[in-house]
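Asks: One letter stands for each residue in the lines below.
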Amino acid sequence: MSIISPGFGGRRRSSAPDLPPGQYLTHDFPVLSAGPTPRIPLERWSFTITDETGARTSWSWDELNALPQEDFTVDIHCVTKWSKLGTTWRGVSLDTLFENVESTADFTMVHSYGGYTTNVPLEDLLDGKAWIAHTFDGEPLHPEHGGPARLVVPALYFWKSAKWVNGIEMLQQDEPGFWEEAGYHMYGDPWREQRYQGD
Amino acid sequence: MTTGFELDGNAMAGDLREIFAVDLTEAVATCAGCGRPSAVAALLVWGPAPGLVARCPGCEDVVLRLVRAPGRAWLDVRGAVSLRIALPEESVAEGPA
Ligand SMILES: [Zn+2]
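First to last, the protein sequences are chains D and W. Using our numbering, the letters of the first sequence map in sequence onto residues 1 to 199. Using our numbering, the letters of the second sequence map in sequence onto residues 200 to 296.
A couple of the hints might just be wrong.
[To be verified] Listed below are several chain D residues computed to face chain W (Cβ distance under 7 Å; list not exhaustive):
1) A182
2) W191
3) Q194
[Claimed, not checked] Some chain W residues close to chain D (C-beta under 10 Å, calculated; not the full set):
4) F219
5) E225
6) A240
7) R254
8) V266
9) A268
10) R271
11) L274
12) L286
For the record, the hints were derived by calculation from the structure and aren't laboratory data. Don't be surprised by glycine CBs; every beta carbon is placed ideally from N, CA and C.
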């Protein structure tokens, strides 16, 4: 465990063994945005999985909330080098959402309101590794942090945890998303420090 | 005389050095989304992390993305149809000797 020193300001380097290489510990929740914050009325919110044939499975906000909910506590690691440990969330496991989706595709593109995209291999979304989260720290997820709902896939750098998520598209081949097109790593494993292309 | 396809990127060196030596914020980027021309300085920019995202003041589509990493940078211009860069009238790119 890391030890928090007196006067800790949230920006100090930490050599804690539970942090991936090059990361420091923060207790803030910095906001990083690539565009204006979309405001999505819940009655118009939806989440859609599109398979490689174009077949769609969609959930409204009420339908998402009617699914089994999970509380989960995870460490998150941002490519801008902050890490936040033990964050608590509530949402729906991607295993639940993919239960009735037939697909042979190995890759996905995650889509968001506002046009953001990020690519994640399907295997990194399943087996308890990813959620559509709507609650953070016991409160509805703030729009700045991706509310009404965001993807949380804590094993990868946090740019993969798309804010304002509204769908997942199945792909036969890996394709770059918004940041991956512009220099960031296609996979983004913080423990292997895969920040940029070529890392 | 040298024909075009025998040249490599080095043949562009003079032009590129000249272009990127100017203040690109004065360049006019035409948005690939709506076709509106805007000075780079007038684009709406989010960032700086994970990168700079410059959006069209007309339609908010992404026009430029700039990501900096140690020792390298990516400038993604696919959101711009073109960049118009003003140059001094007397400046003429030098051809091969
Ligand atoms: Zn535009």
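Asks: So, Q194 of chain D near chain W? Judge it on the closest CB pair being under 7 Å.
Replies: 12 Å, violated
Asks: For the restraint on A182 of chain D, tell me whether the closest CB of chain W is nearer than 7 Å.
Replies: 4 Å, holds
Asks: Restraint: F219 of chain W near chain D, CB-CB cut 10 Å. Satisfied or not?
Replies: 18 Å, violated
Asks: Against chain D, with CB atoms and a cut of 10 Å, does the hint on A240 of chain W hold up?
Replies: 19 Å, violated
Asks: Does the closest beta carbon of chain W sit nearer than 7 Å to the beta carbon of W191 of chain D?
Replies: 18 Å, violated
Asks: Holds or violated: is there a CB of chain D closer than 10 Å to the CB of L286 of chain W?
Replies: 27 Å, violated
Asks: Closer than 10 Å between Cβ atoms is the bar; does L274 of chain W clear it against chain D? Give me holds or violated.
Replies: 8 Å, holds
Asks: At a threshold of 10 Å, is the proposed contact between R271 of chain W and chain D supported by beta-carbon distances?
Replies: 8 Å, holds
Asks: With a cut-off of 10 Å, does the beta carbon of V266 of chain W approach a beta carbon of chain D closely enough for the hint to hold?
Replies: This hint holds: V266 of chain W lies near chain D, its Cβ roughly 4 Å from the closest one there, short of 10 Å.
Asks: Does the interface hint hold: is A268 of chain W within less than 10 Å of chain D, judged Cβ to Cβ?
Replies: Hint holds; A268 of chain W Cβ to chain D Cβ min 4 Å, cut 10 Å.
Asks: Given a cut of 10 Å on the nearest C-beta pair, is the interface hint for E225 of chain W held or broken against chain D?
Replies: Check failed: Cβ of E225 of chain W comes no nearer than 23 Å to chain D, outside 10 Å.
Asks: For the hint on R254 of chain W, just tell me whether its beta-carbon gets within less than 10 Å of chain D.
Replies: 6 Å, holds
When each numbered hint is compared with the structure, violations occur for hints 2, 3, 4, 5, 6 and 12.
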